[in-house]
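Colleague: Given next are the chains, with one letter for each unit.
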Amino acid sequence: MTNVCCLPLCLLLGNWGTTLEMSLTSAASVGEPEDIIEAHPKREQADALTVVGLGASAGGIQALQEFFAGVPEDSGLVFVVVVHLSPKHESHLAEVLSHSTTMSVEQVKDRIRVEPNRVYVIPPSKHLIVEDGSLRLVEPELMHGRRITIDLFFRTLAEAHGPQSVGVVLSGSGADGALGLKLLKEDGALTIAQDPGEAEYAEMPRSAIGTGLVDYVLPARDMAQQIISYRDASRRMRLPSEAAPSPEQREDGPDAEIALGKILAQVHDLTGHDFAHYKRATVLRRIGRRLQVHNLENLPAYLDFLRRNAAEVNELLSDLLISVTQFFRDPEAWQALEHEVIPQLFEGKGTGDDLRAWVCGCATGEEAYSLAILLLERAAQTDEPPRIQIFATDMDADAIAHAREGSYPETIADHVSPERLRKWFYHDRNRYIIRKEVRESVLFALHDVLRDTPFSRLDLVTCRNLLIYLNRSAQERVFDIFHFAIRPEGYLLLGASEAVDVASPLFATTDKTYRIHVRRSLTRPIPFIPTAPGRPLPIRSRTSHALPSVDLLEHKSVSAVDLHRDLLERYAPPSILVDERYEIIHLSNRAGQFLRYSGGEPTNNLLRVVQPYLRMDLSTALYAAAAEGVDQKRTVRFIREPGSPSSRINLIVRPVGEPAGVRGYFLVLFEEEMAPAAEADNVDAEYSDAARQLQQEIDRLHEQQRSGVEQHESSVEELRASNEELQAINEEMRSATEELETSKEELQSVNEELSTVNQELKNRIVEVSHVNADLHNLLVSTEIATLFLDRDLRIKRYTPSIENLFNIIASDINRPLVHMTHNLDYPEMLKDAETVLQRLTPVEREVRSLDGHHLLARVLPYRTLEDRIEGVVLTFVDISERKKSEEALRASEERFRLLVGGAADYAMFMLDSEHRITFWSLGAEHVFGWNESETLGKSCAMIFTPEDRKAGVQEREMQQALEHGSAPDRRWHIRKDGTRLWVDGAMMRLDDERGEMRGFAKIARDATEEWKAQEALRQAHDELEHRVTERTASLSEALAALEAALAERRQAEAARQDLLIRLASAEEDERRRLSRELHDQTGQHLAGLLLGLDELRLAQPEGSAAAGLAERLRQAAADLSQEVHQLAWDLRPPSLDDMGLQATLLTYVRDWQERHSVEADFHAQNLEGKRLTPEIETTLYRVVQEALTNVARHAQATRVSVVLEWRREVVLFVEDNGAGFDTEAALASTERLGLRGMRERLALAGGTLVIESEPGKGTTLIVRIPLPAPPEDNVDV
Amino acid sequence: MSDNIPTNPTVLRILLADDHSFIREGLKGLIGKQSDMEVVGEANDGQEAVSKAAEYLPDIVVMDVTMPRMSGMQATKQIKKAHPRIKVLGLSMHEDSSYLRGLLEAGASGYVLKRSAPQELIQALRSVAEGNTYLDPAVAARAATVFISKTPLRGEVAGAALSERENAVIRLVALGYTNREIAERIDLSVKTAETYRARAMEKLGFSTRADLVRHAAVLGWFGEN
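From first to last, the protein sequence lines are chains A and B. Here the working numbering is used: the first sequence runs in plain steps of one and ends on residue 1376. Here the working numbering is used: the second sequence runs in plain steps of one and ends on residue 313.
A hint or two may mislead.
[Unchecked claim] The calculated lysine-lysine pairs, modelled on DSBU-like cross-linking and capped at a C-alpha distance of 35 Å, are:
1) K1356(A) with K279(B)
2) K291(B) with K1269(A)
3) K1356(A) with K291(B)
[Claimed, not checked] According to the in silico footprint, chain A covers these stretches of chain B (three or more CB under 8 Å from chain A):
4) 101-113
5) 199-212
[Unchecked claim] Label-pair restraints from in silico Cβ distances:
6) L1173(A) with Q211(B): 30 to 40 Å
7) A249(B) with H1255(A): 33 to 43 Å
8) A249(B) with G1355(A): 27 to 37 Å
9) A1206(A) with Q211(B): 17 to 27 Å
10) A249(B) with D1321(A): 32 to 42 Å
11) E1267(A) with Q211(B): 31 to 41 Å
Hints were generated in silico from the structure; no laboratory data involved. Every residue, glycine too, gets a C-beta built ideally from N, C-alpha and C.
Please model the complete structure; the sequences and the hints are all you need to start from.
Modeller: Spelled out as structure tokens, the structure:
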């Protein structure tokens, strides 16, 4: 943003401070250029708290750790870490860093006041800015998708802390931080980048270094030390006050002031740049930075350093010239320019016209290109656009060189829209390079606006952020220059904080906000325009016709007032001091009487305002004085007014020779001689008439001369204006020359490139000759005789083996083929070659050489790599060997044929794909009767029997052979004589070498006899077969009979079972009947008997014998009744029918217990109130009866348990704790018939019996009878 | 019908139900000798007993258990249903307690064997008339064990401290598996299964399978499956 021009104005060494007058009062009232100077009024007052901003991205953690490892605990510095953090995750950066340093590390929350010896870390997804010594978080914004976190922080750091800040760029990708470093540097901060060799991601440090504004490139761990010594140096540093020194100071000349002057003089001497018009504060601040960098304490020390180190002056200069700019800086101003000014510029301009603009202080060219882009865009919308010429000037040679290159880092994408980037730039290796058409519309020149001749007839001048560095008088001068340079109605664009004085007569303000001004059209005396024919160029410039600058210094620093005052002491008469153009510079008190102002434009030109009667003499005197360089004296007689005595005036013109600086000035003296009146009267009397006539004549001549002089003067004036314009044009030419100079350099580089290319070509040639050699060797080694012919069939090249065929020697190259003799029998050779040339299809034929070789001649078109036909290639390959082997093959085939033909028992013949016979062997003739001539070319259908032909047997056979490779042929065929024969053979498919069918072959023999034998065999077999069938049938019958018998047996068995069941049931029925009989008949009768006997007893007298008898009878009957009951019960308990199984078993088990004195227990589960079928109840009752009988008989048990359950089936357990037995043995023995009986009985009811027993371990009988669970009782659920 | 209405409230009015006429004759002679009893009617089978009871409304019906057309138990049930005040005294040849139990469940108030002394019957009639239950001493002992064995259960408190294996084995025993089947089912040797079973039976205080099954029924093992 600061375009800096140095001002080569007069500087008197003794009081240069006056030219540095400037206001340090902070304010920014618009329209007061000198009030805008101090951009950062506060920061100089900020105490010495130095803030170190660390910017990092990828790979930054390690760099930060290394950095902090080098920071001592009490550095007194503030560290702010700004890194790109993922917005999605919490950051542990503070925690990580706290392991690397003893300082307290904290993540910034909202707003925090910084304190020394602390580390502040940015949180994720926020931006950090510095404000009044505090850190504050703001919401992030993306610039064209790029991260600008670090740039933003550095910018605010620069604004807030200026020189008391340090910017460090560490590892990371992208270019964030580079722009921020520039701004920091501009504000006097220290800038450091990590050594790209060390950084994990070097892109960010590289971008920073690429700005050219990095003070140090260091490894991360060494940075802290550098920062501390820089800070210490700044504390020790003593600089003069930034306020203008007081006169006493100036006079006393304290060391610092003197040193400052000398430093600037040194800069001026060595570089040609004069910073006298630079604002003092800026100059001091920037020199101060150099002091810090070199760890120096004060200006005298720096002066010393500067004198001893030749390179330092350039470093200082580049610090003083820090130029920061960007594309479309202040976009609103550019928009205003685009919409308000540029259309005006194009107004009234056509194809033949020029649109001229001057970008004054263009720095690295961004602004100039921005303007060029706008103008070109506008031109593109115009039908007949004018030629666009932009002059872009700066006094920094490096910046200009950079601008000419027109290559910018990718970060410009922040400021240039994607459309413009696409249209006006191309992208190459991470840089945007300005396109040629833009580049060519801009002329860059090294130029100092205050020193060099300006450009002229400009439509637009932009001069942004240059004036703020100049003091007021320099600013006014610049405005004068711009007024000269801009054509009437042309525009002037200034920087945001600059403005033309509101009251300025030179420019009218059209847009106050964006500082757009238009030149006022008014004629005014030609202002001071620098027209130095040759200007002192800085020593780094190549051209070296620098003037001794000391002269210039002296010349420019002479005060006209002082000089005049000095001279006046010597010459008392009225006097006027004029310059070489006769402009009045100073008047003595009485000189006014000799001047006369008339109407018209006021002017200071002495010859115009001097009294007419003096004009001519004065004019000649001045001219003579200028020409001869000596005093001129003219005596002029004149009459002050008609009638008054004439006076005489000695007009003395004295060129001023001393001091040299003001050479060219003239002092004009007016010595008045008062002639004695009497003498005059006498003369008047004597020459009265003649004198009057003469006087008239003189007056007339005067008048003539005067008009001549006036004409002369006006033409001189015109010439001078032309001269000035020529000088401006000259300046343009100079710029163009420089451009040419640059072009020349470019050409040199192109030349360089060409020689590189040349070298490369040489290498290629070497390669090509290698390839050639390879090719040659290849051709020789193949022994293929080859001839290369051009389109005219002239020999271009051949291989050695061709010499065997052609009579050809090396000198035959380029001779036509037709001239060659050869030993080939190949008359068509030339014709073939021509044919190939015309049709481009290769020709191939076999030829014989005269010495009997067979050769394969091939004629091919010669195609270049670009596929052009440039001739013909003939090759001859010796194929004699092949021929021989072909012959051999033919012979062997012949032998084969003979062999096949001789096999008389086998018929062999072949068919082509159309099933026509192509070969018919003698064997075939023998077998089938037809001879070869009768069969060849015919279908082989003839050998098939009529019925087979009808049935399509032949076609099927062919098809099978086609599909499977072969098909058996075992069937009756027919002979020529009509007899039939049984054939055993096969049809085979024949393939060519590509595997495609080319025909069939059949081999067959007469197998009729065999067939007959087989037929007999087959009949015998059939007979046997028949007999076996018969025998089998009779066996089947026998089997059926057996099966029927078996079925009978089964039926009988079933009948037996049925019988058994019926038997068991009959037995039970019988028992039941008997039991009932006993109960209901015998029992009841006994009961009746009992009652009768009782009655009988009662009827007898008590104690009588009859009574006693009756009693005994009654008792006997009662016993009998009980026995009858028991008998009935034993037969079959009536309760089994009346009361059911459960009740009956309960009674039975209890009775059994009583009877056998063995503890017996019965439990029925799920049988309460339910009845099983009578058969099952009976079966189970009998099983229990049998089991308990066995227990009583064999077990010697003390306890028996009977359990009956009815769930999914009926289960009965009878378990005792008795002696037990071997179940296998028990079941086998006949003794235990009871067990078997139980089994059988259960089997009849469909039940099973399991016995678990072991000797000594008791016995368990488990009876299971499948029976659906009682429906009303869902025990299984 | 009004003739049949008892005239002397102190005299027991008795209906005899037996399919044997000589039995009825004997009983009639026996009862006729008693001053405080009279036979008001006779029935030849169960059905007749029911209708005669309804007709005469006797104090006591002497009921034979086994009769044609309708058993004594059926008849008792119907009479008691229709006339709860009529008492029934069973008179039977059957000495096994199942009949005794059946008859008592049907609503009879006493049971006398036909072979017992006639005084036994008279005494039973008087006792029943007074509202008592009378059982022939010859069957009383058995009847007692019948009723006792319906309620016993020694080990129902158990569940007592069986190991998991014992518990599993004992449950399977209760569910009717043989030792071999149990051994297969829970992958033990037959001997081990037996050992578990014996130990569990001992812990539970059971001596027989029947004890165990009763216990299992009470604890609801059969419902669990």
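Colleague: Each hint: holds or not?
Modeller: These are the hints, each one checked on the structure:
For the hint linking K1356(A) to K279(B), the alpha-carbon distance of about 11 Å falls within 35 Å, and the restraint holds. Pair hint K291(B) plus K1269(A) holds up; C-alpha atoms about 33 Å apart against a cutoff of 35 Å. Of the supplied pair hints, the one linking K1356(A) and K291(B) holds, its CA atoms being roughly 19 Å apart against a limit of 35 Å. Counting residues of the stretch 101-113 of chain B whose CB lies closer than 8 Å to any CB of chain A gives 4, which reaches the minimum of 3, so the coverage claim holds.
A stretch counts as covered by a chain when three or more of its residues have a beta carbon under 8 Å from one of that chain; for the stretch 199-212 of chain B and chain A the count is 5, and the coverage holds. Taking the beta carbon of each, L1173(A) and Q211(B) are about 34 Å apart, inside 30 to 40 Å as hinted. The beta-carbon spacing between A249(B) and H1255(A), approximately 35 Å, falls within the hinted interval of 33 to 43 Å. Range check, A249(B) to G1355(A): about 29 Å between beta-carbon atoms, so the 27 to 37 Å window is met.
For the pair A1206(A) and Q211(B), the beta carbons lie near 21 Å from each other, so the given range of 17 to 27 Å is met. The hint said 32 to 42 Å for the Cβ distance between A249(B) and D1321(A), and at roughly 36 Å that hint holds. Between E1267(A) and Q211(B) the CB atoms are about 34 Å apart, so this pair conforms to the stated range of 31 to 41 Å.
Checked against the numbered hints given earlier, the structure satisfies every one of them.
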